[in-house]
Amino acid sequence: MRFKRPKKRILFIILFLFIALTAYATVALANSNTVKVNARAVNVRTGPGLSYSIMSQVVEGEQLNVLEEENEWYKVRISGDHVGWIASWLVDNTEISAATNQIGTITGKKVNVRSENSTSSSIIGSVEKGTQLTVLFQQGGWTQVQYLNQVAWVSSDYIKVTAQGKKEKAATTVATEKNAAAPIQTITIRSSGTNIRQKPSLEGEVIQKADKGESFSYLGTEGDWYKIKLSNGSKGYVANWVVDLSANKKAAPTARVNSLSEATIVIDAGHGGKDPGASAPNFYEKEATLKTARALADRLRSAGSNVILTRSDDTFISLNDRVYKAHQAKADVFISLHYDSTEKRNEISGTTSYYYHEKDTELAKTVNRYLKQNVPLSNNGVRKGNYFVLRENSRPAILLELGYLNNDTDSQVVNSKNYRSHVVESVYQALNQYFTP
Numbered sequence: 001m002r003f004k005r006p007k008k009r010i011l012f013i014i015l016f017l018f019i020a021l022t023a024y025a026t027v028a029l030a031n032s033n034t035v036k037v038n039a040r041a042v043n044v045r046t047g048p049g050l051s052y053s054i055m056s057q058v059v060e061g062e063q064l065n066v067l068e069e070e071n072e073w074y075k076v077r078i079s080g081d082h083v084g085w086i087a088s089w090l091v092d093n094t095e096i097s098a099a100t101n102q103i104g105t106i107t108g109k110k111v112n113v114r115s116e117n118s119t120s121s122s123i124i125g126s127v128e129k130g131t132q133l134t135v136l137f138q139q140g141g142w143t144q145v146q147y148l149n150q151v152a153w154v155s156s157d158y159i160k161v162t163a164q165g166k167k168e169k170a171a172t173t174v175a176t177e178k179n180a181a182a183p184i185q186t187i188t189i190r191s192s193g194t195n196i197r198q199k200p201s202l203e204g205e206v207i208q209k210a211d212k213g214e215s216f217s218y219l220g221t222e223g224d225w226y227k228i229k230l231s232n233g234s235k236g237y238v239a240n241w242v243v244d245l246s247a248n249k250k251a252a253p254t255a256r257v258n259s260l261s262e263a264t265i266v267i268d269a270g271h272g273g274k275d276p277g278a279s280a281p282n283f284y285e286k287e288a289t290l291k292t293a294r295a296l297a298d299r300l301r302s303a304g305s306n307v308i309l310t311r312s313d314d315t316f317i318s319l320n321d322r323v324y325k326a327h328q329a330k331a332d333v334f335i336s337l338h339y340d341s342t343e344k345r346n347e348i349s350g351t352t353s354y355y356y357h358e359k360d361t362e363l364a365k366t367v368n369r370y371l372k373q374n375v376p377l378s379n380n381g382v383r384k385g386n387y388f389v390l391r392e393n394s395r396p397a398i399l400l401e402l403g404y405l406n407n408d409t410d411s412q413v414v415n416s417k418n419y420r421s422h423v424v425e426s427v428y429q430a431l432n433q434y435f436t437p
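Heads up: the sequence shown begins at 1 in this note's numbering, then just goes up one per residue.
Keep in mind that the hints are not guaranteed to be accurate.
As the list claims (entries may be wrong) - Computed spacing ranges between beta-carbons, pair by pair:
#1 Gln373 x Gly220: 43 to 49 Å
#2 Met55 x Thr409: 46 to 52 Å
#3 Ser122 x Ser378: 19 to 25 Å
#4 Pro376 x Thr342: 17 to 23 Å
#5 Lys36 x Leu230: 20 to 26 Å
#6 Ile124 x Leu230: 35 to 41 Å
#7 Asp313 x Leu67: 27 to 33 Å
In case anyone wonders, no lab produced these hints; they're calculated from the structure.
In this text, a Cβ means the ideal position worked out from N, Cα and C, and glycines have one as well.
Take the sequences, apply the hints, and build the full model.
Written as structure tokens, this is what we have:
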């Protein structure tokens with residue numbers, strides 16, 4: 001019997017080592033499939049893309065197990081054993097890239113963008129106060145940024161660099177008509193689906209969702225959060241960057257958009273499907289408008305805007321349905337994209353900005369000013385256009401003709417990535433200014 005004991009001990013040791021190694025391998029595998037959230041708050045969506053609805057949020061520093069990857073999105077497991085999708089560029093990324101990490105906000109009234117980090121280098125454009133640019137690098141009083149799809153430089157004196165997603169603290173008082181500070185009395189929600197939480201933190205349990213324009217009594221401030229009184233008498237917390245303030249209980253303010261990141265923008269790619277639009281030698285208008293719409297949507301989404309495309313592929317959409325989408329979304333801006341044509345070849349060239357309702361004149365003028373400044377074609381100014389998508393649209397709406405496809409010069413450049421980048425950056429900067437108080 002005593003000769004068999006060592007064998008049992010050896011078998012036990014081997015079994016223990018096998019279990020330990022298996023556990024180690026499991027832990028190592030889990031760690032190799034774990035990512036860390038870098039942004040302040042990251043939306044968890046029901047599918048791999050911005051078009052999917054938001055199901056939850058995760059916060060900076062949180063570690064998540066990755067189950068699979070698709071189209072630069074990670075499928076992850078979150079609290080409560082739920083599974084959702086997060087953008088890969090918002091986790092485990094220490095580099096500064098076009099999609100993430102650091103954003104620079106222009107602080108000067110009008111700042112030159114240069115080809116090199118020197119005042120003697122050539123000026124390739126200018127940006128207005130409030131414009132946001134992706135920051136690549138900072139050195140010697142200069143900041144390297146992405147501008148019009150290229151690397152450029154601005155003076156560090158005129159740009160404020162912050163981590164993407166970081167919000168400025170809102171003031172705890174609002175101005176009255178006499179410009180005197182008055183205590184906050186009412187909090188008004190800017191966007192439908194806003195979370196009301198049990199405690200002043202993104203980790204707080206969501207106890208209610210509020211609609212756009214809904215108002216609550218203000219009870220106090222805790223950090224970046226407002227304590228509010230709910231309709232049932234209970235108390236909750238709402239983030240200060242998603243609400244408007246009022247000092248008058250009797251006249252709650254109408255929820256308004258104060259920045260591009262808060263805006264809902266409907267982008268209408270003209271024509272589509274059985275309606276090809278104007279024809280160039282090598283492409284149709286419907287193809288060029290869709291490429292432009294997609295590029296513009298990507299740029300605006302990177303700034304935090306809620307962007308809706310009337311069509312995302314080669315599908316025929318009626319004019320009525322295009323307007324309906326703007327009304328349904330309660331769009332803050334509707335932009336219809338087109339490329340023009342005339343009866344006589346080479347009769348006219350360049351871009352034109354159209355509006356119909358007088359209230360939309362300012363929007364059209366603002367966008368046209370940036371197109372004139374940045375787009376390498378002639379500019380035909382702002383005009384009133386009796387187009388269905390403008391005339392029947394109760395939302396702020398403009399229509400942009402971005403070149404003439406039966407003009408030899410225009411048709412050679414308008415369907416290029418470089419030209420689209422100029423159009424996109426022009427519209428982005430214009431909207432950024434339009435939404436800035």
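Do the hints match the structure? See the list:
1. Take glutamine 373 and glycine 220: their Cβ atoms lie about 46 Å apart, and the range 43 to 49 Å holds.
2. In this structure the supplied range 46 to 52 Å holds for methionine 55 paired with threonine 409, their Cβ-Cβ distance being about 49 Å.
3. Judged by the Cβ atoms, the range 19 to 25 Å given for serine 122 and serine 378 holds: they are separated by roughly 22 Å.
4. Checked against the hint of 17 to 23 Å, the pair proline 376 and threonine 342 passes, with Cβ atoms roughly 20 Å apart.
5. Against the hinted window of 20 to 26 Å, the Cβ-Cβ separation of lysine 36 and leucine 230 comes to about 34 Å, which falls outside the hint.
6. The given range of 35 to 41 Å is broken by isoleucine 124 and leucine 230, whose C-beta atoms sit roughly 52 Å from each other.
7. Distance hint check for aspartate 313 and leucine 67: the Cβ-Cβ separation is about 29 Å, which falls inside the suggested range of 27 to 33 Å.
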